[in-house]
Amino acid sequence: MIIRPNQNWFIRLFAWHGSVLSKITFRLSLNVLMSIVAVISYRWYEQLGVHLTIAPFSLLGIAIAIFLGFRNNAGYSRFVEARNLWGSLLITERSLLRQIKSLLPDEPAVHQKVAKLLIAFSWSLKHQLRATDPTADLYHNLTSKELAEVIASPMPTNRILLMLGQEIGKLRRQGLLSDITFELLDNKLSELSHALGGCERLASTPVPFAYTPDPAAHRLPVLQPAAFCPGDRPALHDTVCFGVHFPIPSYPGTHWPKSWRILSAYRPTICR
Amino acid sequence: MIIRPNQNWFIRLFAWHGSVLSKITFRLSLNVLMSIVAVISYRWYEQLGVHLTIAPFSLLGIAIAIFLGFRNNAGYSRFVEARNLWGSLLITERSLLRQIKSLLPDEPAVHQKVAKLLIAFSWSLKHQLRATDPTADLYHNLTSKELAEVIASPMPTNRILLMLGQEIGKLRRQGLLSDITFELLDNKLSELSHALGGCERLASTPVPFAYTPDPAAHRLPVLQPAAFCPGDRPALHDTVCFGVHFPIPSYPGTHWPKSWRILSAYRPTICR
Amino acid sequence: MIIRPNQNWFIRLFAWHGSVLSKITFRLSLNVLMSIVAVISYRWYEQLGVHLTIAPFSLLGIAIAIFLGFRNNAGYSRFVEARNLWGSLLITERSLLRQIKSLLPDEPAVHQKVAKLLIAFSWSLKHQLRATDPTADLYHNLTSKELAEVIASPMPTNRILLMLGQEIGKLRRQGLLSDITFELLDNKLSELSHALGGCERLASTPVPFAYTPDPAAHRLPVLQPAAFCPGDRPALHDTVCFGVHFPIPSYPGTHWPKSWRILSAYRPTICR
Amino acid sequence: MIIRPNQNWFIRLFAWHGSVLSKITFRLSLNVLMSIVAVISYRWYEQLGVHLTIAPFSLLGIAIAIFLGFRNNAGYSRFVEARNLWGSLLITERSLLRQIKSLLPDEPAVHQKVAKLLIAFSWSLKHQLRATDPTADLYHNLTSKELAEVIASPMPTNRILLMLGQEIGKLRRQGLLSDITFELLDNKLSELSHALGGCERLASTPVPFAYTPDPAAHRLPVLQPAAFCPGDRPALHDTVCFGVHFPIPSYPGTHWPKSWRILSAYRPTICR
Amino acid sequence: MIIRPNQNWFIRLFAWHGSVLSKITFRLSLNVLMSIVAVISYRWYEQLGVHLTIAPFSLLGIAIAIFLGFRNNAGYSRFVEARNLWGSLLITERSLLRQIKSLLPDEPAVHQKVAKLLIAFSWSLKHQLRATDPTADLYHNLTSKELAEVIASPMPTNRILLMLGQEIGKLRRQGLLSDITFELLDNKLSELSHALGGCERLASTPVPFAYTPDPAAHRLPVLQPAAFCPGDRPALHDTVCFGVHFPIPSYPGTHWPKSWRILSAYRPTICR
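As given, the protein sequences belong to chains A, B, C, D and E, one line each in that order.
First residue of the first sequence: 138, per our numbering; consecutive thereafter.
First residue of the second sequence: 138, per our numbering; consecutive thereafter.
First residue of the third sequence: 138, per our numbering; consecutive thereafter.
First residue of the fourth sequence: 138, per our numbering; consecutive thereafter.
First residue of the fifth sequence: 138, per our numbering; consecutive thereafter.
Hints are all accurate, no fakes.
No distinction is drawn between identical chains; accordingly, a pair holds when it is met within one copy or between any pair of copies.
Under the rule of at most 27 angstroms between Cα atoms (straight-line distance), these lysine-lysine pairs were calculated in the DSSO-like manner: (1) LYS307 x LYS253; (2) LYS307 x LYS282; (3) LYS307 x LYS250; (4) LYS238 x LYS250.
For the record, the hints were derived by calculation from the structure and aren't laboratory data.
Let the hints inform the model, and build the full structure from the sequences given.
Okay, here's the thing in structure tokens:
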């Protein structure tokens, strides 16, 4: 995630990186072009006898507004959920280590082993969500046998969780953990499983197509210049001015199915 | 669920499959027809002395907007809930298997049995929600006696959960599980029961009729052409233009009681 | 709850049962009457020199829209909460029976007893919420001594829960349940207590009066005909048209404190 | 909380008690006064050459609407949270008593003692939230020694919870409760602690000042009469009409920081 | 957090401290300046032949309104989450102490030790979130050895939690706590870990840049005076009036990424 310095509002007017502007440059210039065409063809258009007013746009605007607002909220709530899941990962890993340390203070080898598996779990989840190769990052935290097993698995991150489970199962059979303290640790593993499953769910389920605004959202700004034009002279100047400014707040939503992907993909790095 | 490739925005303008357009074609053409009638009967209408303006529509629009926005949110939150329930199914099944494997590492027959029952549980829930025949999918995962029992049951999926409960109850009586480790596994069964009950609830409870917009939502776009018409010439051209574009964003909601069904029905396959 | 067949949108235009229309017939006809009066008294009104425009209504509309939207959301979220509570009742009862069956597979008398008490619990809660007489439905599931005790209790449903608690307390003293398995079952009773308390809370707490829109919501549509009228001729026809259509989407909210009651009262039957 | 009888909508138009009207009478009459002044000074104002239109108000209205809607939602969600907390108090107290009764059926003295402490807990929380004197209500439920201790404590309600904890701690040391059944009861005390802490949090944290609409919300209706006035004659009559009606839905929010206090303060009595 | 006295609404009109006004003074005067320039250059501007109307602003307003409303909600929900986390800290610390007191009533030294560590935990979290030096506040609650360890740690607050864990681990090894009562206390430490992790998450993750309204929000009020101007005389006076009032409700959002920081930073002190 890109965390920006707290710039002055005036400088932020020209911020480019991370802004949605770079992604809609083409559409924006298309709109400006259309506006210019409308202004130029003004006289010819008037003789045609076709008259459009601004009225339908104001009515359509309400419907578009609902969709844009909905998309904004849905996208943000996905972001918040992803952030919470990753945060709960951190919290659970800390708690698990704290429990191991208070239950088995004299077993530094166990602390090491569990810590390494937890680190491997985080790295592996990050790479799974970003669809990158985890080998380099897992190398230092797993034995070569474990690494081979994880790499070969179709669900590598879940496999590491399974290893953690076997590790604490072994401690229980060795008599280092009672059933109750085993339960305590196992509950933390279930929480990790929850975070893992939640992240996978977010990554594999975009917002369904039915909730993305129908192409009307695209057609609206394209038609607008035509509507502003023919009324009277003032409208002509509105057209150009509007052609540039209107689409900025209304387009962001249109990339949204893509942008949530970016967000969820970027997440892991932030929290490391 | 239909996950679409990340098409260019321009191509998406013409996307048809999954779009709501196919479902409102008739209503849409009705609107266009009405607009054309309005434009044609313009002169005759003017002599009639009936004058309608756009003003009431702008006021009505606010009320309609509330209903449409509400429906969008309610539908989406149902979708999210269904997705979460199915996701929690996966998470819980993984956790349950992990626990069995760490508690009883030397009982591969138990692992097999529990895994098969869990797979049967997922398949059965899928078929129950879609109201299809589960026999073919359950065949490989249940013994013929179990299968007969499940098929005969009025609530087949819950019956499989009961079998899982009896399985771990047997392990406890055999002394393989203590009361505490039994509790650990049984809690997971309760979570599965939660996912099952939640899915059934979503499938059996549509959003109540009182919250679907009253037919006013339908009447509004039908009346609009009449209103745009008589003002002056420009309005005439607005009418046609508007007759095509306005209904697109305002209709989707009207199928909503149906579309959520589709969503919840499609859900199981996604996550398999 | 009334679950309607998936009718064609055209037929739904005339749906009456379950629609809010039947409840606002009087107010609606009052509005139409007022509109007709406005159109008739048009000339006289003009000579009076009082001129009203549509402008204030458009401003007021925003405030009204907020209140209507808010009420819709608040009402629906109450409905969803009630549905979830009742769903959790079902889920918990299933889980409790499953646990009893896996813990005490050889005690069919216990299964019977617990199942009967659970059924009585559901019936009693239904009757408590609807304020109807539970005797007939409880008769088959409780012994005559228990029935007398429940009927005499000021909180009959909670009394049945208490009996369930005593039942499993007895099993524990008989040595059939250890402390841990007792805990497992008792947690389910606490969940039932949660569902019971939640339903009682919803039934006894309407949305506070301060959040119901002030009578302005009523006054607005009554004043509107007067405003539309005097501008010019077209407005006259708007007035009549509007007098019929506007109130439809704006009134539903006004019964809302009543309608949620109906909803929560109807709930129990659905889920049986 | 004031629960009103389900009056006819027509009678409710004139409801005063519990309505926000009584609190804005002064501001409302100020507005009416201002409108009258505007109408009277009409001619003089026109000669001044200052012309204001309704346009900026329509734009400002959007911003105001956001703030009013936000405040309504935030206030209601605080109400719902407070209601849930108090509801969970009731549920937890019931469950705790049920557990005591099934675990120790032959210790009526313990039942008595715990019930009395729970009643004292509810009363004390009520008085703490309303900042009233709890002595009279605690007198019957606590021994004189306990009462003195509670009254002297800076956090009286939490002190009663502590006593409950010591009570069940004593039962455990007497061997009446095992560790596991102690855990069961102690979890309920933690839930009570949650309800207590949540109520305290709501009572001590109003919505921050930054989220209360800036005084613009007040200035808007004051300026409006001036704007309506000078356009033309009809606007004059709008002004008076509007001066009375507009502020009604827009003012409620302005007392909101105060009204939530009333709500949370009124809560305890309702649920007794 | 600044909790204001419940002032009269009239006095609040002029409230400055805590209001967003102080932060937008510069931008506001820029707007007023621009309006004045617009009024002065009115005649020259008219001869230029460029005509702008208010229409595009009304359309743009919808998009801006969505963004402002979204930001308000997102900011407030972060505030509420932060408040809940800090509240849960208090609740958990109380519960932990209550448990210690009922489990080990005869070990005042343990009570002291745990209480001191909990106090140190709260102070340390406060200083960590505000990025201030915790030494002075920790000095009284930790031994010099512990203090050195905490100060040296990269995550001082989590280190104190670790010490708490070791403390109760020691009690378990001394036989003062059974596995079950250890579990009871350890669960409270996990809750503290949750509150700690949640606070860290809020402090390190601002709302992503993509959700801050594009600079259009800034450009809009700057362009407005130009638009109001040229229509006719009345608009001139609107311009000045509007130049002062409009930006007030629309600007607050623009500092929002900053203001949430302030909120989360201010939180700890409130609740002490």
